[in-house]
Each structure stands twice: as C-alpha cells, then as structure tokens.
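Visitor: Given the coordinates of chain A, assemble chain B onto it according to the supplied hints.
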Amino acid sequence: MQAKTVKAWSFIHKWTSLACTVFLLMLCLTGLPLIFHDEIDAALNPPSWQPENPSAARLSFDQILNAALNEHKGAVPLYMSFDIDRPVVNVTTGPWVGVPDTQMTFRSFDATSGTVVPAADRGETVMEFIYQLHVDMLLGLPGMLFLGFVGFLFVLAIVSGVVLYAPFMKRLDFAAVRSTGSTRLKWLDLHNLLGIVTTAWVLVVGLTGIINTLETPILEAWKAQDLKDLIAENQATAAAQRQGLPRASLDAAIRQAVAAVPNMTLQFVAFPGSSYSTSAHYAIFLHGKTPVTQHIVTPVLVNAATGDFVGLREMPWYSKALSLSRPLHFGDYAGLPLKLIWAALDIVTIIVLGSGLYLWLCKRPSNPRSR
Amino acid sequence: MKGPRPAWRIFAKPSVYATLCLFGLVLALVKDGPTDLLAIVCVGACLFPIVMIFFKR
Numbered sequence: 196m197q198a199k200t201v202k203a204w205s206f207i208h209k210w211t212s213l214a215c216t217v218f219l220l221m222l223c224l225t226g227l228p229l230i231f232h233d234e235i236d237a238a239l240n241p242p243s244w245q246p247e248n249p250s251a252a253r254l255s256f257d258q259i260l261n262a263a264l265n266e267h268k269g270a271v272p273l274y275m276s277f278d279i280d281r282p283v284v285n286v287t288t289g290p291w292v293g294v295p296d297t298q299m300t301f302r303s304f305d306a307t308s309g310t311v312v313p314a315a316d317r318g319e320t321v322m323e324f325i326y327q328l329h330v331d332m333l334l335g336l337p338g339m340l341f342l343g344f345v346g347f348l349f350v351l352a353i354v355s356g357v358v359l360y361a362p363f364m365k366r367l368d369f370a371a372v373r374s375t376g377s378t379r380l381k382w383l384d385l386h387n388l389l390g391i392v393t394t395a396w397v398l399v400v401g402l403t404g405i406i407n408t409l410e411t412p413i414l415e416a417w418k419a420q421d422l423k424d425l426i427a428e429n430q431a432t433a434a435a436q437r438q439g440l441p442r443a444s445l446d447a448a449i450r451q452a453v454a455a456v457p458n459m460t461l462q463f464v465a466f467p468g469s470s471y472s473t474s475a476h477y478a479i480f481l482h483g484k485t486p487v488t489q490h491i492v493t494p495v496l497v498n499a500a501t502g503d504f505v506g507l508r509e510m511p512w513y514s515k516a517l518s519l520s521r522p523l524h525f526g527d528y529a530g531l532p533l534k535l536i537w538a539a540l541d542i543v544t545i546i547v548l549g550s551g552l553y554l555w556l557c558k559r560p561s562n563p564r565s566r
Numbered sequence: 049m050k051g052p053r054p055a056w057r058i059f060a061k062p063s064v065y066a067t068l069c070l071f072g073l074v075l076a077l078v079k080d081g082p083t084d085l086l087a088i089v090c091v092g093a094c095l096f097p098i099v100m101i102f103f104k105r
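Chains as they are written, first to last, in the numbering used here: chain A, 196 to 566; chain B, 49 to 105.
Hints were generated in silico from the structure; no laboratory data involved. Computed from a prediction, not measured in an experiment: that's the story for all the values here. Using N, Cα and C, we set each Cβ at its ideal position, and we do this for glycine too. Please note that the accuracy of each hint is not assured.
[Claimed, not checked] Calculated pairs, EDC-like style, for lysine to aspartate or glutamate (alpha carbon to alpha carbon, straight line, at most 16 Å):
{"no.": "1", "chain 1": "B", "residue 1": "K61", "chain 2": "A", "residue 2": "D368"}
{"no.": "2", "chain 1": "B", "residue 1": "K79", "chain 2": "A", "residue 2": "D527"}
{"no.": "3", "chain 1": "A", "residue 1": "K515", "chain 2": "A", "residue 2": "E415"}
{"no.": "4", "chain 1": "A", "residue 1": "K515", "chain 2": "A", "residue 2": "D421"}
{"no.": "5", "chain 1": "A", "residue 1": "K418", "chain 2": "A", "residue 2": "E509"}
{"no.": "6", "chain 1": "A", "residue 1": "K515", "chain 2": "A", "residue 2": "D368"}
{"no.": "7", "chain 1": "A", "residue 1": "K534", "chain 2": "B", "residue 2": "D84"}
{"no.": "8", "chain 1": "B", "residue 1": "K104", "chain 2": "A", "residue 2": "E509"}
{"no.": "9", "chain 1": "A", "residue 1": "K534", "chain 2": "A", "residue 2": "D233"}
[Said to hold, decoys possible] According to the in silico footprint, chain A covers these stretches of chain B (three or more CB under 8 Å from chain A):
{"no.": "10", "region": "51 to 58"}
{"no.": "11", "region": "63 to 70"}
{"no.": "12", "region": "87 to 97"}
With the rest of the complex left out, here is chain B:
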C-alpha cells in the first residue's frame, strides 16, 4: 500500500486506454486498408491489463 496519489496519476493509464479505444473505434469507422488492423489493436488494447492479471497469477 502506497501513499495517496494525485488524481492525474490515478487516471493517467486509464485515460491512455480510453483514448486508444476511442481512436480505434473512429479509425475502424473511417477505415482504409491497413488502418483496419491498427484500429482493432487500439480497441483491443484495453483488454491488455485484464490479460496481464491472469499472467501475473
């Protein structure tokens, strides 16, 4: 257990995942060739920390 963290630090990583997800959703909507894969990776990025939980175990 650590000392209290400021709000910006608490939300820093969640904001990155949220931004990637939204970027991916919009990119997939305006897809054009190879950007499709990038879009899917961006949307799927938010699953990464969930998958890591199982690896940590």
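This is chain A alone, in the form it adopts within the complex:
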C-alpha cells in the first residue's frame, strides 16, 4: 500500500473514530447492564407471585381487556402481550392513540382471575433510564437517528481500521505485542490485536444497532406502503370507532388469526391506532415456532369494528431485517453463556475505544518506523 493511501485511510480512521468514541463508550457502558437485564430484574425482584386460581381455566382476552380498561377509566388499549412462563397477560394503555411511549401505562394481569400482577419495581427505574440512554439518549426519534449516524461512523472506523491493519502488521506476527518498546507501542499492538479479533462481532453489533435505530422509519414505511390500501379503505370504520362504537370480540379475532396461519403462534396484539396497526384494525402478530422463524413476525389484520378477517400481511424484507437485528444486537438469544461472551466482547470494545483515544492523545513518535 502506498504511503499516500495509508495516510488517507489513517485520516478516515482517526476522525471517524474520534467523532464517535464518546457516544460509543456510552453505548458500551450502558449496553453492559442491558445484556443482563433479565438476570438483574430476577435478582432484584425474586419471583414470589402465584396465580390466584392455578387450576382454573384462563379468562378470555376480552375479559382481560375489560379488566385493564376498568383499571384505567377513559384509557384506550394499545398493545396486549403474553408471558411465556406464567399465566399473565400484559396490557399497554394510553390516554389516547398515538401517545408517546413515556405516557403509556403497562399493567400485567393474572389470566386466571383478572387481578393486577404487581410489577417488578426494584431497579426498574434505573434500568429503564439506562435503556433509554442506550436507545435514544432520552431524545426520542432525533436521538435514535443520531445514534444511527454514530453507528455509521463506527462502521467506517472499523473498515478503515481493518485496511490499516495490514501495513501496521507487515513485519509482525499475529497477536504480537511488543512489550520491550514504549507504553504507546505496547498499547498500539494491543489496540490492533483486540480490534482485529473482534472485528466480525463489532461489525454485526454495529450494523444491527444501525438497523435498530431505524425502527420508527421502518414501521412508518411498512404502514405507508403495505397498509396504505387498508388505511384508505377503513377511514369510515376508524371514524365510527372514535365515536365509541362497540369493538368486535378480540377472542374471535385472535382465533381467526391463529387459524389462518396454523404453523405460527400468537406473539402480541396491536390495537387500532397504535404504531404497529392501522386506525381501524386489530393487528395480531404471530411468530414462527422454529428457532429462526420465531424472530420473524407476521401480522394478521382483523377489522376491529366488524370482526371481519382482512388478511395476512407479510412484513417486507426491511421489517424482517429489523426483527432479526434485535437478537443479533442484544445477544440474548442463546442463554447466559452467550450473554457472558457478549459482555466480554463489550469490555474488549471499551478497551479498544479507550486505547484508541490514548494513542491519539499520546504524542506520536517522531520516527514512523518505530511503529
């Protein structure tokens, strides 16, 4: 590689890295406790809850929904989801549709009695703060998109780092760390080693992080392109619903949806007006039963006023990419061992970022050959 080319790549590596280092350090530090979110929650809030009537039949989804709406008079339902390991149905409500996340209310209900399940409250506020800091720096969509841009700079820094690895390691064996030279030289070798062996992982986490920051535009694009016809057709229904006309049975809607896609199971329900649905439909999200397809969701739309089955709407490729990018970013899809490795790689990334900053802050050696 010519000296001029090396210089150009060095310029890209230096400035893309410096521009995003502070934000990446924040993302790595906040990401560390988030990897163990489930374990921290379980440790701080030991499971003491038991269903009221363990042997009784589960209440219907309509009964649970009514219990949730009685709990919050005047609220509108937004989402309904289901715990896997206990008979609990979670209902998210808000004062109106389109309400920001911070004004939504999340309540869990005992599916055997309809009573409220006490929320895990210890440490929840701290974890929520860390999560929001990680996702959007508490700035909403602009914060998310900015972090997406930071991710783009990070990917540029990784690619330029890989390109620069060759001229730097031309005369050195793989994993050589020269401890006889200056401290800076030792840290340069460590920076190169830690960076190159974790390249694949940081690229995957970086790229999936970028995709995750595009969640809102992706959902909007899906609604604008794939649900456009339904939204246009159902303006009248939506208007009728706003006037408080009765809702069609949720149980019947879910039964129709599950029957329409027999090889999938229920994941969650998005009510009319929520981000994941139109203004007039229950969007019933089903996911696959196999390890791969469980990350791919398919919404079935049912008219929320008439209960008419509208059809299956396959998510487009970019929504599928979003679904797959979540587990690959969080590393929470293969149990605690993978989480521990994720944490170790996260710490290695912090060292790479810190050593990069140190190398920049330290005075560069006058003789480039000594590098």
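Guide: Frame of chain A; chain B shown alone:
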C-alpha cells in the same frame, strides 16, 4: 522483527476468527439442541488470542 508478510498471511488468522464468530452468531440464531454450545464456542473463539496474551506474560 521479520520481513514484510504478504496481505493474505497478515489476514489469515484474523479471517479464521471472524469466520468462526459469524458462523457462531448464525448458528446460535438457528440453534437446535447441542449446536448451542458449538455456537457459543465459535463466537467466544475470538477471545482466545486475547486470553493467550495474558498467559504469555
């Protein structure tokens, strides 16, 4: 210090770790029973040269 090495030799070992890591990530995603452990070993393989640095000391 040795003479200059060709690019393919410089990137040979890093490519092995990168391939193992990607293979492990995909394998964990399509996991099915015992492949889980293999996936975790593959992803974790890139930590091996880092651990070896401390042993060399």
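Visitor: Just to be careful, I want the Cα atoms of A/K515 and A/D368 compared with a cutoff of 16 Å; is the pair within it?
Guide: violated, 42 Å
Visitor: Would you check the hint for A/K418 and A/E509, treating anything up to 16 Å between C-alpha atoms as holding?
Guide: Between A/K418 and A/E509 the Cα gap is close to 12 Å, so the pair holds against 16 Å.
Visitor: For the pair supplied as a hint, B/K61 and A/D368, is the alpha-carbon distance within the 16 Å limit?
Guide: holds, 10 Å
Visitor: Please verify whether B/K104 and A/E509 have alpha carbons no more than 16 Å apart.
Guide: The hint is violated at about 54 Å.
Visitor: For the region 87 to 97 of chain B, count the residues whose Cβ lies under 8 Å from any Cβ of chain A; is that count three or more?
Guide: Answer holds; 7 residues pass the 8 Å Cβ test.
Visitor: Count the residues of the region 51 to 58 of chain B with a beta-carbon closer than 8 Å to any beta-carbon of chain A: does the count reach three?
Guide: holds (count 5)
Visitor: Taking only the CA atoms, is the gap from A/K515 to A/E415 under or equal to 16 Å?
Guide: holds, 14 Å
Visitor: Has the region 63 to 70 of chain B got at least three residues whose CB is nearer than 8 Å to a CB belonging to chain A?
Guide: holds (count 5)
Visitor: Given the hinted pair A/K534 and A/D233, is their Cα-Cα distance within 16 Å?
Guide: holds, 11 Å
Visitor: Next pair to validate is A/K515 with A/D421; report whether the Cα-Cα distance is within 16 Å.
Guide: holds, 14 Å
Visitor: Starting from B/K79, check that the Cα of A/D527 is at most 16 Å away, please.
Guide: The hint holds at about 13 Å.
Visitor: Hey, A/K534 versus B/D84, does the alpha-carbon distance stay inside 16 Å?
Guide: Roughly 13 Å between the alpha carbons, so the hint for A/K534 and B/D84 holds.
Of the numbered hints stated above, those contradicted by the structure are hints 6, 8, listed in ascending order.
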